[in-house]
Amino acid sequence: MDEYSAGPTGPARAAGEAQAARAAVGPVVAVDNLVKRYGDLVALDHFNLTIEPGEIFGLLGPNGSGKTTAINCILQLLTYDKGTIRLFGEPMAPTRYDLKRRIGVVPQNVALFEELTVRENIDFFCALYVSDRRERARLVDEAIAFVGLQDYVKFRPRKLSGGLLRRLNIACGIAHKPQLAFFDEPTVAVDPQSRNAILEGIRAMNERGCTVVYTSHYMEEVEEICSRIMIMDKGRSVAVGTNAELKAMVGVGERIFIEVAALDEGTRARLATLPHVRHVAYNEPELTVHCEQGAHNVSDVMGVLAAAGITCGRMYAEPPTLNDVFLEITGKELRD
Amino acid sequence: MGVIFRDTLRALVRTRALYIWSLIFPIVLSTMFMFMFANLDGERAFDPVPTGIVADEAWDASPFAAVVDDLAAPGDDQLLAVRSFPSAEEARSALTAGEVAGVFAVPEAGAAPELWVAPGSETGATLGADDVNRTILETVADTYVRDADLLAAVAAEDPAALADPGRLEAAFSAGNGTEETSLTHASPKESVRYYYALFGMAALFGAQIAVFAVCQTQPNLSPLGARRALGAVGRTRTLLATLAACWLVSWACLVAAFLYVRFVVGVDFAGRELWCVAGLAAAALVACALGTALGALPKIDFGSKTGILTGVACLLSLFAGLYGEPCMELADTVARQFPVLSGLNPAKAIADMFYSLYYYDGLDVFAAKVAVLGLMAAVLFAVGALFMRRQRYASL
Chain D
0 MDEYSAGPTG PARAAGEAQA ARAAVGPVVA VDNLVKRYGD LVALDHFNLT
50 IEPGEIFGLL GPNGSGKTTA INCILQLLTY DKGTIRLFGE PMAPTRYDLK
100 RRIGVVPQNV ALFEELTVRE NIDFFCALYV SDRRERARLV DEAIAFVGLQ
150 DYVKFRPRKL SGGLLRRLNI ACGIAHKPQL AFFDEPTVAV DPQSRNAILE
200 GIRAMNERGC TVVYTSHYME EVEEICSRIM IMDKGRSVAV GTNAELKAMV
250 GVGERIFIEV AALDEGTRAR LATLPHVRHV AYNEPELTVH CEQGAHNVSD
300 VMGVLAAAGI TCGRMYAEPP TLNDVFLEIT GKELRD
Chain X
0 MGVIFRDTLR ALVRTRALYI WSLIFPIVLS TMFMFMFANL DGERAFDPVP
50 TGIVADEAWD ASPFAAVVDD LAAPGDDQLL AVRSFPSAEE ARSALTAGEV
100 AGVFAVPEAG AAPELWVAPG SETGATLGAD DVNRTILETV ADTYVRDADL
150 LAAVAAEDPA ALADPGRLEA AFSAGNGTEE TSLTHASPKE SVRYYYALFG
200 MAALFGAQIA VFAVCQTQPN LSPLGARRAL GAVGRTRTLL ATLAACWLVS
250 WACLVAAFLY VRFVVGVDFA GRELWCVAGL AAAALVACAL GTALGALPKI
300 DFGSKTGILT GVACLLSLFA GLYGEPCMEL ADTVARQFPV LSGLNPAKAI
350 ADMFYSLYYY DGLDVFAAKV AVLGLMAAVL FAVGALFMRR QRYASL
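Chains as they are written, first to last, in numbering that gives the first Met the number 0: chain D, 0 to 335; chain X, 0 to 395.
Since the hints were made in silico from the structure, they are not lab data. Computed from a predicted model, the values in this text were never measured in an experiment. Be aware that one or more of the hints could be misleading.
[To be verified] Covered by chain X, according to a simulated footprint, are these stretches of chain D (three or more residues, beta-carbon under 8 Å):
1) 72-81
2) 91-101
3) 123-135
[Claimed, not checked] Keeping only pairs whose Cα atoms sit at most 35 Å apart, straight-line, the calculated DSBU-like set for lysine-lysine is:
4) D:233 <-> D:246
5) D:81 <-> D:246
6) D:233 <-> X:298
7) X:298 <-> D:81
8) X:298 <-> D:158
9) D:233 <-> D:81
Cβ coordinates follow ideal geometry from the N, Cα and C atoms, glycine included.
Given the sequences, and given the hints that come with them, work out the whole structure.
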């Protein structure tokens, strides 16, 4: 995606100015003790969330964990039973159009006018925030260039591929250059090239000063672009921190993969009793050792194999992923 | 707001599926009506009365023979289809067999003509074709006898008058006891009521446009509605702009159908076409309001709402008399016995609005009907607003 600057007036802010602005307004999003019930079901259970200016904040959670409900409450689409929501330091309300004007939303479901062209769709949604026709025309042009839809401006949505449709969906949500943008699983069902372009675009928006809230089930995406991550489950925040902080919170360490021609049961048992080793699997010729966090896991394993006189082939170790952290925190049982 | 209006208008105009009920349906149905009523008119065309004559010497000598020949002359105004019988017996046989409606005979030279007819219908409630034919033949004979007597009297009392064609014409024309006149400024035609009822139904089907558009504005009814609700434009302004576009499209569809009915089907609107177009604007407003009320119903998808609308439109059109003569009688009965109930039917109100333009000289009744439509629209908009009044929802 092309260069893109945040803020309705256009030019990118200097980093120092952005820093000063952050200090002045405090958190962009501040949710305190939010409770939302659907009958007997508690969708949000005293949920708290703070997002600072300039962050790309990842919101993760299994299906039904309350991510979308939280976003809809923040955006005032849903009523809630208890709690307070402040955006840009101001209490959020359904009629706070001044705050809404600073927010962009890219919904998970592609929500567009099937009968309008690409350009008309972007113009329509931009007009919900920007009334000046000339400025809007400029913003629409920039949004089209940003998502790379210049060759498709006269196409109607049904003529676009899945990736192009997602990009149009994004353009409609951010054409007015919001200061806070919500991206709800924007890369579902797109090819790697489009996904890469979308992620680069989000990063570019953020670099120009836009605070981003990003939800996805693709852990590697979140790991790649989010500066801070919250894992939700059962309507609550169960972990918040940077990627590294989250990994440090759980016991999951690296996975060690070693090619060995043969592995006897005795050696396998000795490996399993090593400190920090959680699980040993052997699928000839690959030995996989799942470890907890430890300083000498690789050398300990190699030591056991050497003592047993086992010759090793290729060996490599993978650090824990966000996916490992996620599963560790939320469990492996299937959700709805 | 202007952009919302413009783009909603664009979107609606490009949604071809909406035209099926709003535009194509009234055009197709009015075309069917055109053919149906054309046949009906053909059946009501006057056929010459099958008449027997006893063509004996007395008949040939009677001046009445010339009168009958004149009335039986082929042409658009042919009144009698004459069949000659050589004898009275044969003529009576044909009469008894129903081959002729009556028989003219002159019993003797110089005598007045006689008319023999079969016994008439005794049901009394309705007038059958035989009764009509008999009446025509009686009128022919009576008129001849009366004119002959008048001529004889003139000849006896004022022979000089016979030389003055003007006075003779005045004397005979005075014998016409009836004069055709119209109580209304338009010639009443029974079939126009069906077309007027058709516009009632077409307008109600046009509510689908508003149902569609309203569903696209409400967060609890569509993802697009949810997205639009996030914008920095107030809900009232969004709805007003959207409904204005809906009204315009509904009106345009009705006007297009009206032009087809007026200029292709050839239905008479009493020369008040511009007032009809104005009335259609009120009809489109009611359609918009009905669509708003229906479109705002929560937890029902667009397909189901369309189904409900179709059912409502069909039911209300039944009481507007759209489906034929029995339904028209039903509509009239309901209107007589339950005027308030009938007045609440928008399909009937729209049909009556056209009717008021057709039959009344002034525009007072038309204005009253338009006011009723305006009131209906206000109530339906209020119902829709009740459903949509929430800014946020307990669930989406």
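Here is what the structure says about each hint:
Beta-carbon proximity to chain X at under 8 Å applies to 5 residues in the stretch 72-81 of chain D; the threshold of 3 is reached and the given coverage holds. Beta-carbon proximity to chain X at under 8 Å applies to 6 residues in the stretch 91-101 of chain D; the threshold of 3 is reached and the given coverage holds. Chain X is given as covering the stretch 123-135 of chain D, and this holds because 5 residues of the stretch bring a CB closer than 8 Å to a CB of that chain, at least three being needed. Among the hinted pairs, residue 233 (chain D) with residue 246 (chain D) is consistent with the structure: their alpha-carbon atoms are about 21 Å apart, no more than 35 Å.
Distance restraint check for residue 81 (chain D) and residue 246 (chain D): the Cα-Cα separation of roughly 32 Å lies within the 35 Å cut-off, and the hinted pair is therefore satisfied. Taking the CA atoms of residue 233 (chain D) and residue 298 (chain X), the gap is about 26 Å. The hint holds against a cut of 35 Å. Proposed proximity of residue 298 (chain X) and residue 81 (chain D) is supported: the alpha carbons are some 25 Å apart, at most 35 Å. For the suggested pair residue 298 (chain X) and residue 158 (chain D), the alpha carbons sit about 30 Å apart, so the restraint of at most 35 Å is met.
Among the hinted pairs, residue 233 (chain D) with residue 81 (chain D) is consistent with the structure: their alpha-carbon atoms are about 17 Å apart, no more than 35 Å.
When held up to the earlier numbered hints, the structure conflicts with none and fits them all.
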